[in-house]
Amino acid sequence: MKNRKVAQELCERLDLPAEAAGASKLTVTGGDQALVENHRGLLEYGEELIRVRLDGGELVLRGSKLRLTVMTDRELLIRGRLFAAEWEG
Amino acid sequence: MKRFETALRGRLVYEITGVQPEALLNACAAEGVPFSDVLSVDAWTLRLSVPEHEGTRLERLARLSRCEAELLQRRGGSRDRALLRRRLPLLLFALAVLLGLFVSSLYVWEVEVNGAETLGRGRVLRALEDSGVYPGVFWPNVDVDAVRSKMLTRVPELAWMTVRVHGSRAEAVLLERSEKPEICREDEAADVIAERTGIVTKVSVLSGRPLVRPGQAVLRGETLVSGTLESIANGARQVRARAEILADTQLELMAVSPAQTAKTAAGRGARVRFALCIGKRRVNFYRKGGKALDGYDKIIREYVCGIPGLFTLPLRLVKEELRPYQTAGPAQTDAEELRERLTQKLETLVRGELLSVTCAASGEDGQLCVTLHAAAREDIAQTLEAAK
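Protein sequence lines, in the order shown, are assigned to chains A and B.
Under the numbering used here, think of the first position of the first sequence as 1, with each following residue one higher.
Under the numbering used here, think of the first position of the second sequence as 1001, with each following residue one higher.
Errors might be hidden in some of the hints.
Across the chosen pairs, the derived CB separations fall in these ranges [what the hints assert, rightly or not]:
hint: 1; chain 1: B; residue 1: K1002; chain 2: A; residue 2: G57; range: 27 to 37 angstroms
hint: 2; chain 1: B; residue 1: H1166; chain 2: A; residue 2: S64; range: 22 to 32 angstroms
hint: 3; chain 1: B; residue 1: H1053; chain 2: A; residue 2: L77; range: 18 to 28 angstroms
hint: 4; chain 1: A; residue 1: S64; chain 2: B; residue 2: L1071; range: 27 to 37 angstroms
hint: 5; chain 1: A; residue 1: F83; chain 2: B; residue 2: L1092; range: 50 to 60 angstroms
hint: 6; chain 1: B; residue 1: Q1073; chain 2: A; residue 2: L77; range: 16 to 26 angstroms
Think about it this way: if two alpha-carbon atoms lie no more than 20 angstroms apart in a straight line, the pair counts; the simulated DMTMM-like pairs of lysine to aspartate or glutamate are [as the list claims (entries may be wrong)]:
hint: 7; chain 1: A; residue 1: K65; chain 2: A; residue 2: E47
hint: 8; chain 1: B; residue 1: K1280; chain 2: B; residue 2: D1130
hint: 9; chain 1: B; residue 1: K1298; chain 2: B; residue 2: E1320
hint: 10; chain 1: A; residue 1: K65; chain 2: B; residue 2: D1042
hint: 11; chain 1: A; residue 1: K25; chain 2: A; residue 2: E44
hint: 12; chain 1: A; residue 1: K65; chain 2: B; residue 2: D1037
Listed below are several chain A residues computed to face chain B (Cβ distance under 7 angstroms; list not exhaustive) [to be verified]:
hint: 13; residue: G41
hint: 14; residue: L42
hint: 15; residue: Y45
hint: 16; residue: G46
hint: 17; residue: E47
hint: 18; residue: E48
hint: 19; residue: L68
hint: 20; residue: T72
In case anyone wonders, no lab produced these hints; they're calculated from the structure.
All figures in this text were calculated on a predicted structure; none of them were measured in a lab.
Using N, Cα and C, we set each Cβ at its ideal position, and we do this for glycine too.
Whole structure, please, built from the sequences with the hints as guidance.
Right under this line is the structure:
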């Protein structure tokens, strides 16, 4: 945790994007595609709700016909009709 | 593309059951096991598919994630390959058929003639065969320009022709030469002579010197109007004589046909026989093919193997129907038919009006003779060029 804070501080001073230091990032495209970068794994998976663990929190995506299209150790691509995205600290 | 990849590499569909099946997804992502088609069945069950070769790794990861992995389905890959191995002869046969179709499409198996209006189809086909276009020819070797040159030499009535190849069907497109119109030179000396024997009823001379008067009888070939004009100042002068000479003429046309007519007897005695033509070889499914068939009508039908307009195979089934016929006596319709034909011929001969037509029919020595006698009033003027 201390290392991450140091890295974030460094990124801030060097004007680098926060995700370079491992911060999570959510990109929603057109309301039917969500890309989660720097995740820490899935907590719950369903057609109407997907919970993703993040660094120091979790992301809850609500929608209908949600599907996990691609999953790697760093990225998650979710497709389906997105209604809400909740960030829980 | 995905379907093709599935068929080629194969995929396994697993059902994962556990307290937290998402843990397996996380493990797969961490280990780099590619998975797809993730479907949540309920809170404890997921379905997903992995490439065939990743099945063992997935099962190991499932055990580590305290989940149960049950193989539901195998798609493509080794399963399909095993099926194909079992059906290898069938596959080889299909390949052989495809190869045969490809090779066959390089040969011409049917020659079609278009545009032969006055030329006989048989004559054109014979000339095409002599020029190198015939059933069984390897069409990539056919030089259309050479074929055209040969055809134009062999058939002088042709103005132009080409050969188009559609699969195994060669289409010869012909354009026949139109006859040159007769060219008359107005300054050339000519006489008007009688085309037929008759009695002149009216003389209308446009140029030249008339030699006949109305009421005068003239013979065929007799000069009616002379192209030589006498002039006091310059002597004789040649002109092109033109005139309309009406005359009463008599025409007699005769037609002879055998008094016995052949009539096909339907029903009993008819035979059907078959033959198969493979390329240029013919296999007869009957014996005594060389026997003379007197007293039989032979009706030949050919059935070509292929899809019209698409391709033709070198296979033709030939059906020969042999129908016996017998001769019957002269029928009234035969004399009527001859009379009809003679009347049609008469109408083309007469350049005027028909005054009267009489017809007589007689049967002698097994022959039916029909005579048509006509009186007409017509223009008998015919221009005859003066000999140079």
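Against the structure, the hints:
Between B/K1002 and A/G57 the beta carbons are some 35 angstroms apart, a value that agrees with the proposed interval 27 to 37 angstroms. One distance hint, 22 to 32 angstroms for the beta-carbon pair B/H1166 and A/S64, is violated here, with the actual separation near 55 angstroms. Take B/H1053 and A/L77: their Cβ atoms lie about 23 angstroms apart, and the range 18 to 28 angstroms holds. In this structure the hint that A/S64 and B/L1071 lie 27 to 37 angstroms apart at CB holds, the actual value being about 30 angstroms.
Against the hinted window of 50 to 60 angstroms, the Cβ-Cβ separation of A/F83 and B/L1092 comes to about 56 angstroms, which satisfies the hint. Checked against the hint of 16 to 26 angstroms, the pair B/Q1073 and A/L77 passes, with Cβ atoms roughly 24 angstroms apart. The hinted pair formed by A/K65 and A/E47 meets the criterion: a straight-line CA distance of about 5 angstroms does not exceed 20 angstroms. For the proposed pair B/K1280 and B/D1130, the alpha carbon gap of about 16 angstroms is at most 20 angstroms, so the pair holds.
For the proposed pair B/K1298 and B/E1320, the alpha carbon gap of about 7 angstroms is at most 20 angstroms, so the pair holds. Of the pairs offered as hints, the one joining A/K65 and B/D1042 holds, with about 14 angstroms between alpha carbons and a cut-off of 20 angstroms not exceeded. For the proposed pair A/K25 and A/E44, the alpha carbon gap of about 19 angstroms is at most 20 angstroms, so the pair holds. The hinted pair formed by A/K65 and B/D1037 meets the criterion: a straight-line CA distance of about 12 angstroms does not exceed 20 angstroms.
The restraint placing A/G41 at the interface with chain B holds, with a minimum CB-CB distance near 4 angstroms, inside the 7 angstroms limit. Interface hint at A/L42: satisfied, since its Cβ lies 4 angstroms from the closest Cβ of chain B, which is below the 7 angstroms cut-off. Hint status for A/Y45: holds, given a least beta-carbon distance of 5 angstroms to chain B, under 7 angstroms. Checking A/G46 against chain B: minimum C-beta separation of about 5 angstroms stays under 7 angstroms; hint holds.
For A/E47, the interface hint holds, the least distance from its beta-carbon to any beta-carbon of chain B being 6 angstroms, beneath 7 angstroms. A distance limit of 7 angstroms between C-beta atoms decides the matter here; for A/E48 the minimum to chain B is near 9 angstroms, and the interface restraint is violated. Taken as an interface hint, A/L68 checks out: its beta carbon lies about 4 angstroms from the nearest beta carbon of chain B, inside 7 angstroms. Taking 7 angstroms as the C-beta contact cut-off toward chain B, the hint placing A/T72 at the interface holds, the least distance being around 6 angstroms.
Consistency note: the structure conflicts with the earlier hints numbered 2 and 18.
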